[in-house]
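Protein chains in written order, with numbering that gives the first Met the number 0: chain A, 0 to 548; chain B, 0 to 247.
It should be emphasised that the hints constitute simulated quantities derived from the structure, not laboratory data. Check each hint, because a few of them may be wrong.
What the hints assert, rightly or not - A few chain B residues that face chain A, going by a derived Cβ cut-off under 10 Å, partial list only:
| id | residue |
| --- | --- |
| 1 | S60 |
| 2 | S65 |
| 3 | F94 |
| 4 | F109 |
| 5 | M131 |
| 6 | V132 |
| 7 | E148 |
Said to hold, decoys possible - Per the computed footprint, the stretches of chain A lying under chain B, defined by three or more beta-carbons under 8 Å from a beta-carbon of chain B, are:
| id | stretch |
| --- | --- |
| 8 | 4 to 16 |
| 9 | 379 to 393 |
As the list claims (entries may be wrong) - A few chain A residues that face chain B, going by a derived Cβ cut-off under 7 Å, partial list only:
| id | residue |
| --- | --- |
| 10 | I128 |
| 11 | Y129 |
| 12 | L474 |
| 13 | A544 |
Backbone N, C-alpha and C define an ideal beta-carbon position, used for all residues, glycine too.
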Amino acid sequence: MYQALLANRYLTSRIIPLIAVAAVALCVALVIIVVSVMTGFLDMLKSSGKTLMGDVIVGYPVRGIPHYERLIDEINGLSTAAVASPLIDSYGLLRMPYPEGDDKEVVTVQVWGIQPESFAGVTGMADSIYWKELSEQEAATARDDDFRRRIKPGMLGDSLTLTDPVTGRRGALMGIHVSIVNDRQQDGSYEPKFDHWWLPGGHEVTLTLVPISSKGSISEPRDRTFPIINEFHTGVYQIDKSRIMIPLEDAQHLLRLEEAIKYDTSGELDENGRPPVIGTSPARATKILVRAADGVTPDELLADVRMAYERFWMKVAAEDGVMEVPPSRELVTMLTWEQQLRDLIGPVEKERELMRILFSIIYLVCAGLVLSIFWAIVYEKTRDIGILRSVGASRLGILWIFLRYGMVIGILGSILGVGLAYLVVSNINEIHDAIGQDAPTWSWVAMYSFGLAAAIGMLVSITRSRVLYAIILGLVAISLGGVAFALQQHVGTVIWDPAVYYFSTLPSQLDFFTVIITMIGAIVFSILGAAVPAAKAADTDPVKALRYE
Amino acid sequence: MNDLTMTPAAGQQGQATGRDVILSAHDVAKTYQMGRVEVKVLKGASIELATGEWLSILGSSGSGKSTLLHLLGGLDQADEGGGGIRYRQQEITGFNSRQLNTYRNLSVGFVFQFYHLLPELTVMENTVLPAMVARGRLKWYRDRAEITERARELLSQFGLDHRLEHRPRELSGGERQRTAIARALVNQPSILLADEPTGNLDASTGGEILDLIKQQHEQGLSIIMVTHDSTIASQADRQVHLVDGIVQ
Ligand SMILES: Nc1ncnc2c1ncn2[C@@H]1O[C@H](COP(=O)(O)OP(=O)(O)O)[C@@H](O)[C@H]1O
Ligand SMILES: [Mg+2]
Numbered sequence: 000m001y002q003a004l005l006a007n008r009y010l011t012s013r014i015i016p017l018i019a020v021a022a023v024a025l026c027v028a029l030v031i032i033v034v035s036v037m038t039g040f041l042d043m044l045k046s047s048g049k050t051l052m053g054d055v056i057v058g059y060p061v062r063g064i065p066h067y068e069r070l071i072d073e074i075n076g077l078s079t080a081a082v083a084s085p086l087i088d089s090y091g092l093l094r095m096p097y098p099e100g101d102d103k104e105v106v107t108v109q110v111w112g113i114q115p116e117s118f119a120g121v122t123g124m125a126d127s128i129y130w131k132e133l134s135e136q137e138a139a140t141a142r143d144d145d146f147r148r149r150i151k152p153g154m155l156g157d158s159l160t161l162t163d164p165v166t167g168r169r170g171a172l173m174g175i176h177v178s179i180v181n182d183r184q185q186d187g188s189y190e191p192k193f194d195h196w197w198l199p200g201g202h203e204v205t206l207t208l209v210p211i212s213s214k215g216s217i218s219e220p221r222d223r224t225f226p227i228i229n230e231f232h233t234g235v236y237q238i239d240k241s242r243i244m245i246p247l248e249d250a251q252h253l254l255r256l257e258e259a260i261k262y263d264t265s266g267e268l269d270e271n272g273r274p275p276v277i278g279t280s281p282a283r284a285t286k287i288l289v290r291a292a293d294g295v296t297p298d299e300l301l302a303d304v305r306m307a308y309e310r311f312w313m314k315v316a317a318e319d320g321v322m323e324v325p326p327s328r329e330l331v332t333m334l335t336w337e338q339q340l341r342d343l344i345g346p347v348e349k350e351r352e353l354m355r356i357l358f359s360i361i362y363l364v365c366a367g368l369v370l371s372i373f374w375a376i377v378y379e380k381t382r383d384i385g386i387l388r389s390v391g392a393s394r395l396g397i398l399w400i401f402l403r404y405g406m407v408i409g410i411l412g413s414i415l416g417v418g419l420a421y422l423v424v425s426n427i428n429e430i431h432d433a434i435g436q437d438a439p440t441w442s443w444v445a446m447y448s449f450g451l452a453a454a455i456g457m458l459v460s461i462t463r464s465r466v467l468y469a470i471i472l473g474l475v476a477i478s479l480g481g482v483a484f485a486l487q488q489h490v491g492t493v494i495w496d497p498a499v500y501y502f503s504t505l506p507s508q509l510d511f512f513t514v515i516i517t518m519i520g521a522i523v524f525s526i527l528g529a530a531v532p533a534a535k536a537a538d539t540d541p542v543k544a545l546r547y548e
Numbered sequence: 000m001n002d003l004t005m006t007p008a009a010g011q012q013g014q015a016t017g018r019d020v021i022l023s024a025h026d027v028a029k030t031y032q033m034g035r036v037e038v039k040v041l042k043g044a045s046i047e048l049a050t051g052e053w054l055s056i057l058g059s060s061g062s063g064k065s066t067l068l069h070l071l072g073g074l075d076q077a078d079e080g081g082g083g084i085r086y087r088q089q090e091i092t093g094f095n096s097r098q099l100n101t102y103r104n105l106s107v108g109f110v111f112q113f114y115h116l117l118p119e120l121t122v123m124e125n126t127v128l129p130a131m132v133a134r135g136r137l138k139w140y141r142d143r144a145e146i147t148e149r150a151r152e153l154l155s156q157f158g159l160d161h162r163l164e165h166r167p168r169e170l171s172g173g174e175r176q177r178t179a180i181a182r183a184l185v186n187q188p189s190i191l192l193a194d195e196p197t198g199n200l201d202a203s204t205g206g207e208i209l210d211l212i213k214q215q216h217e218q219g220l221s222i223i224m225v226t227h228d229s230t231i232a233s234q235a236d237r238q239v240h241l242v243d244g245i246v247q
């Protein structure tokens with residue numbers, strides 16, 4: 000019982016242990032912040048992968064899979080599959096509507112030809128559509144001048160059919176960062192820089208694609224003009240910056256992958272002066288995205304999809320007079336979303352583990368710090384130890400005082416550290432935005448004033464010949480002055496460039512597992528650090544400790 | 000060493016007369032190792048304390064008085080092969096460390112020249128410390144009220160009612176020593192071991208402390224008091240001299 004009393008008194012009656020608490024807190028906060036942000040990235044990567052692509056992806060690039068509708072029927076027949084959707088992916092040139100005049104901006108884009116209904120069933124496309132009326136919940140938190148407040152029913156085209164409501168024309172969905180018009184605000188919302196250049200408000204873009212023939216040569220480029228139906232925001236910067244989605248049939252047409260009559264160009268012309276017809280070449284898709292039924296893992300689905308492809312291929316190949324046989328199973332890539340993203344996820348995962356290991360060194364720093372501080376305290380408390388032994392305290396009892404003391408420091412430090420990490424992580428985007436701007440004048444004026452106050456305090460201490468206070472205040476004055484100068488000189492620097500870091504926002508959630516592990520680590524290492532001085536305390540000879548004043 | 004300790008004078012001078020012997024040292028030796036040199040501080044000291052007796056040990060500075068007191072209080076170990084120390088019927092030289100802790104905690108109470116209070120604890124907390132050491136958390140909570148009450152009584156008897164929540168550094172030397180005595184008595188030991196309790200105090204404050212010890216003696220406490228001052232020693236029932244490592 001006396002151990003608890005003394006451990007608490009030793010903790011509260013001096014400054015050094017508070018420094019130890021602060022140091023442990025900083026270590027804990029550092030580890031939690033870094034690992035949480037990285038874990039957040041991994042989670043974002045993973046969840047974005049799943050919502051952007053479904054669970055399993057069947058792919059055969061460039062020429063695509065003929066008779067893909069029959070493959071889709073086969074897959075839809077699987078009990079493990081919920082929905083399958085055909086896709087064409089390619090690259091193209093996009094002519095933007097701006098600026099005024101004939102010399103328009105042209106950008107390269109990644110083109111996805113989609114079948115909107117099934118695509119929305121496989122992916123989270125519907126949720127990523129940006130321009131829509133705010134839900135009640137969003138309306139409660141959004142800014143008063145949020146552009147979306149101006150959106151009225153019927154103003155925008157139907158994203159689920161990709162058609163313009165007024166003209167009935169098929170249109171395109173574009174990533175929110177493709178157009179330079181959209182400006183990201185502090186709160187993460189978007190605003191058109193000029194209202195009249197707001198693309199879904201009736202603007203058109205022209206997309207040019209280059210078809211590749213079956214012989215691998217480039218054919219005559221084709222282009223088509225699309226009204227912008229809406230823009231989407233997936234949160235994955237690379238996608239939001241470069242992807243445009245158009246209806247599958249348009250993509251097939253632009254890439255010459257649509258159903259077509261095939262002529263025999265080598266033989267005689269018929270009576271109408273045309274080459275004879277051989278048959279109909281089927282439409283193609285370069286990818287099939289599949290979403291797993293509830294409770295089915297991507298790997299289970301993948302195994303079934305492989306077998307479905309095999310059956311599809313056998314059936315088509317066995318038919319008489321079939322025009323084009325699909326590629327055999329070995330040539331087609333079939334991957335789960337995790338495998339598809341492995342190149343991206345793998346390094347981040349390894350980096351996180353490396354961070355964990357590197358940061359474990361910080362625990363040793365904590366332990367070393369506690370050890371040296373406790374060594375000093377035990378030295379200073381030698382006489383107390385002698386007194387305690389003289390009134391009957393056992394060696395173990397003395398040991399326990401200091402272990403307990405270390406434990407209290409570990410617990411307090413890790414709780415404070417978690418609090419600090421929580422504050423930083425949950426405000427990380429705001430902190431980042433603040434760093435991205437010039438420091439407000441009041442901040443450095445305030446810092447200079449505090450620094451000046453400390454300097455005056457130092458002078459007063461010197462005149463009263465209080466050396467310790469003078470030195471402490473002098474150090475405080477210098478550091479405040481330094482901070483003030485840094486703030487005054489600070490010009491906004493964007494540390495987190497979304498173009499480099501894949502996502503447009505930083506993850507802002509604490510990773511529970513990391514919090515628990517880090518707290519336990521800090522407490523254990525604080526106790527370990529206390530163990531050596533505690534053992535020294537237990538071994539103190541009471542007679543020597545008591546002998547002199 | 001043996002020829003010195005066998006002098007009959009040593010045995011007789013150290014002997015209590017009449018009543019039961021509560022604490023005794025028989026022919027104890029203590030040697031300190033200082034580098035290569037062995038310092039023989041006690042060379043076969045014998046002493047007996049009767050129940051309820053107040054005994055003074057007189058000796059010049061460095062004669063080994065504190066050493067002998069530490070041995071008697073179970074705080075230090077005598078040389079092996081020498082004699083032993085008996086408390087009632089038990090040979091404490093043979094105690095294990097747990098028995099020794101209990102002996103120091105319950106059977107004897109120490110008072111030191113330099114008070115030796117814990118600076119972070121209040122007067123009250125310092126006083127009840129041995130009672131806390133004696134108990135685990137549960138027993139402490141069970142007995143706390145009773146012990147605090149006893150401590151309060153002792154402290155008010157010593158004129159410290161208004162000092163209960165003060166820290167030692169806020170007290171005068173006399174007040175500190177009175178706190179130390181209260182601490183030594185809180186577990187109601189049978190023996191008080193006082194090592195120059197007035198050594199650090201002026202004459203009148205020292206006199207007050209002696210009066211206080213005398214009071215306890217009158218209430219039946221057995222006391223060994225170490226001092227180098229013969230007028231202080233003369234307050235006791237009996238005095239012995241420690242000279243050349245032997246009690247004379
Ligand atoms: N730990 C020790 N190591 C070496 N010598 C010691 C030690 N403790 C005490 N001494 C010596 O033992 C002698 C007796 O000391 P002490 O018992 O304190 O004497 P007193 O209390 O009578 O003044 C002194 O000469 C002292 O220097
Ligand atoms: Mg002494």
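Outcome of the hint check:
no.	hint	result
1	S60	violated (13 Å)
2	S65	holds (7 Å)
3	F94	violated (12 Å)
4	F109	holds (5 Å)
5	M131	holds (4 Å)
6	V132	holds (5 Å)
7	E148	violated (18 Å)
8	4 to 16	holds (count 5)
9	379 to 393	holds (count 11)
10	I128	violated (62 Å)
11	Y129	violated (61 Å)
12	L474	violated (28 Å)
13	A544	violated (10 Å)
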